[in-house]
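Going down the list, the protein sequences come from chains A and B.
In terms of this note's numbering, the first sequence opens at residue 33 and continues consecutively.
In terms of this note's numbering, the second sequence opens at residue 606 and continues consecutively.
Source of the hints: derived by calculation from the structure; they are not laboratory data.
Predicted, not measured: the structure shown is a model, and the values here were computed from it.
We put the CB at the ideal spot given by N, CA and C, even for glycine.
Mixed in with the good hints there might be a few duds.
As the list claims (entries may be wrong) - Computed from the model, here is a short list of chain A residues facing chain B with C-beta under 8 Å:
1. PRO100
2. TYR236
3. GLY238
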Amino acid sequence: MTATAQAQAAMPALAVSPCGALWVRVNGRPVQLRVSGALWLEAERTLVAADLHLEKGSAYAARGQLLPPYDTPATLSRLEAEVRALAPARIVLLGDSFHDARGTERMLPRDHARIAALAEAAELVWIVGNHDAEGLDDLPGRRAAEWTAEGLVLRHEPQPGPAPGEVAGHLHPCAKVVAARRGVRRRCFATDGSRLILPAFGAYAGGLNLLDAAYAGMFARPPMACALGADRVHPLPFARLRPD
Amino acid sequence: MLPPPMTDTAPLLPPRFQDWFARRGWTPRSHQLDMIAAAQDRRDALLIAPTGGGKTLAGFLPSLIDLASRGPRNDERRLHTLYISPLKALAVDVHRNLLSPILELGLPITAETRSGDTGEAKKRRQRIAPPDILITTPEQLALFCAWEGAADYFSGLDTVILDEIHVLHGAKRGDLLSLGLARLQVLSPHLRRVGLSATVSDAEALAAWLSPPGRGRDPARIVRGAPGAAPVVDVLLSQNRVPWSGFTARHAMAEVYEAIRGARTTLVFVNTRFQAEIAFQALWELNEDNLPIALHHGSLAAEQRRKVEAAMARDELRAVVCTSTLDLGIDWGSVDLVIQLAAPKGSARLIQRIGRANHRMDEASRALLVPAHRFEVLECQAAREAVAENDLDVDPPRAGSLDILAQHIMGCACSAPFRADDLFAEVRGAGPYADLARADFDRVLDFAATGGYALAAYDRFHRIVQDRDGFWRARTAEIVQRHRMNVGSIIEIPMLSVRVGSSKGGRWLAGRKVGEMEESFLEMLTPGDTFLFAGQVWTFHTVDGMNAIVTPAPAGAEAKTPSWGGSKFALSTYLARRVRRMIADRSRWPALPDDVREWLAIQDRRSHIPAEDEMLVETFQRGERHYLVAYPFDGRVCHATLCQLLARRLERAGRQPLGFVANDYALAVWARRPLDDLDLDGLFEEDMLGDDLEAWLDDSFMMKRTFRQCALLSGLIERRHPGQEKTGRQVTFSTDLIYDTLRRHQPDHLLLDCTRREAMSGLIDVSRLARLLARVQGRIVLRRLPRVSPFAVPVLLEIGREPVAGMAQEAILADNAQDLIDEAMTLDDLMQGLTP
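Isolated chain A (complex conformation) (with noise of 0.2 Å):
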């Protein structure tokens, strides 16, 4: 038996699906935690992802570094995907969905397609970040500083100290471990059971490492990292992070 089928035995109540995403409970209410990063609502079938940092690339091509032009095709893809899988009946973008406030501009034509047909698929909510509080206007869907789903508070930046009930962005968590005298990092939701802040969902969009001081005072016990592999989500113990 390998050591993940032991801690499964051990552990029934870790409920993993058969697609490889992870029931947590958070403040109560019970979530999906995708593979894709993103977080399935079912009861309300609403599906959130944070910081898809479109044109992120482009943003770097006008400065000079010509990255491949790929990451806004490719971030979309995934959330098509998992509009695919799942049939949402609300997408919640938790802010931050373009890299700057020119992203829009610079996104090419097909993409903007791209975005009008997952508006007409599903209500489309446009939470607002920081990288864009502005040139969201000619989006389709809706804009909202923040909204309310199964009593969990979706917000782009999450409060100071403990926030129960509340799903956030922002912060790109990524955990960190260590094996065989390697170390694997990779992007991943973070919870308490009483918040949960959700990974970057974009192509390009970097991580901070979840024992960042960044994290401080937000949990009320040390949180567990829920790290996002190839075909399924690790639940993995704080004790056994590593910082960058």
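Based on these hints, arrange chain B on the given structure of chain A.
Using the frame of chain A, we list chain B on its own:
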């Protein structure tokens, strides 16, 4: 006694130089005169001479003679000679040595150095008023190529001298340097190229690199210095038992100490910093005589290293434990013994190191090889014979890297507008790019301009643009500035400063800097861990930004010695062949130490001693696991790749492989299912280099690491931005994301091709693996054993000790789930009531 001056020196050496030689009690050496003759004939020249042969002076003499003979200068000053050295420290040394003839002869010649450390004011002055001779590094040459006004600055350049050319040519640094040379030749067509090299086995190839054929110039004249006395090399056969594995040679340390006591000054070479730390500590534990023994490696703080070098120059030390940082450089006359601790892995490196002893031509250098374990006893013997026969490893010739070409093209555009046809012709004049196809050049040019993407998304953002007359130039001044900040070919491994911390109000304050260590090592430590560094045991506390905070460990604390860090070099092909031969030839055994001989004899009885052209494979079972051990003797890097591919094949064959391990001599794979009924010729069939390799490569961390290099070197990713210092770790992260995205969306992109090609030859050594597979086909001998054989012990001892190259990242994540069992209680309430 030196021979009397030769009669034919007169026409070559002007009287005042003859007098100078005489005053110093020297006689010009024949190779020094040959170099002057080559200069008078305006021929490129490659000087091959052992260390201590007056090589540097031979390189400079023609320039000094020419400069001394020129009339009073009324015209504008021009740079006459550019001297390029692989190391900054060496450049400083060469400068000092050059100043003595200039001063003693009272020549009106100015000579200066220039490196990344040179102050801005001096750099500016050097541009306005160039010295006659400028001593610098390859990276600075790349910067010169990106200067505006480079054409004017170098138009009068007479000579370029490349020192230690044998260490420069075979790598990406060499590619960049060769492109710089081609550029200089265009700016100053009458430029003469001079190369200085230690002994190499293929002088013609090096000469062709220095001055490539087909440019309408005569090939470089090869000038050879007289060979020094043959070195005396011994292998230390310890009174203690030779260990089965490991790299510290601790068993022989008392004998090493005695050797140091018996010599005047000793250089103790090791292959890695960790070995250096361990050896240094072990020697001091034995050092009852309080001999001044110092430590020198690349991670120590610069001032610490300089202190050691200065003490060495003052002849105050009895020994220095050092890494390849002292392979090159400064002549220390007093060194009379070189000790190589653990096998040298290649004969060329060994000869280079031996040359550091006894910089007098007429006396033999003395060297002592200290094997760290049993296979190394054989390897050291092989190395000793290779030195005796002067059988040097040869680097295979390399085709120039395209990422380096991209950087160079960008640099040229920053310097002055160019036409593609002209630049293509110029680039083909660089040795490694002589066979570059026009299509490849155009592809790289397009990459530099647009990023080379199939999706034309960045029309407005091109880095270089073509005007109506066909000239390419950088689009904006900012692009030029950014390029200049990022020029170079050395990708630093991300390092953190190790600083002594003091605790204040629960926070650590960073204090004195002890040195720098790889981030990859420090990130493995847990607060409270102890480790050995700079000759002392430290307690690790935390990483704060770019600093690792440590405090001295309490007296008597044991270092939690890093168990990795054996050899960073893989056994060279040449030595490997010799080792195979030595094992096969029983008539050689009696010369080996008792325990090694006994080990071979038991291997013979229990398993098999492979003939020189055979590959032995053993299978056996231990507990639940079925093992397969193979002995190709082809080096760690090549074996690790082979392990990966074998594991894939065994997986497909339903054998459920669980793990693998490799060292320089052997590799082991273990599985849940038996491995003793396999078709071995099928398993080791060369076709594994097809789909299996491709499939594994694409997902390999080595590809990501290589891609990072290519992305940085080609200018896709910048290391430095105006007003912002990016740390290594941030760059590492983003290049992985870019690699993944690019691989999915444009798998035939230039940089992915470049990465694949690079990885094939570098980190995974595919060409060597191909030769291995061809060699053993039809010559595999299988022994099914009831238990572990003597040969298998060393490699099995490596299990869990070395990082497993390419261990699946997913497995690491999943393994950590094990700990969830321990934390089940705390997680239970998180999960409570959830239905799967």
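Structure versus earlier hints, numbers of those that do not hold, lowest first: none
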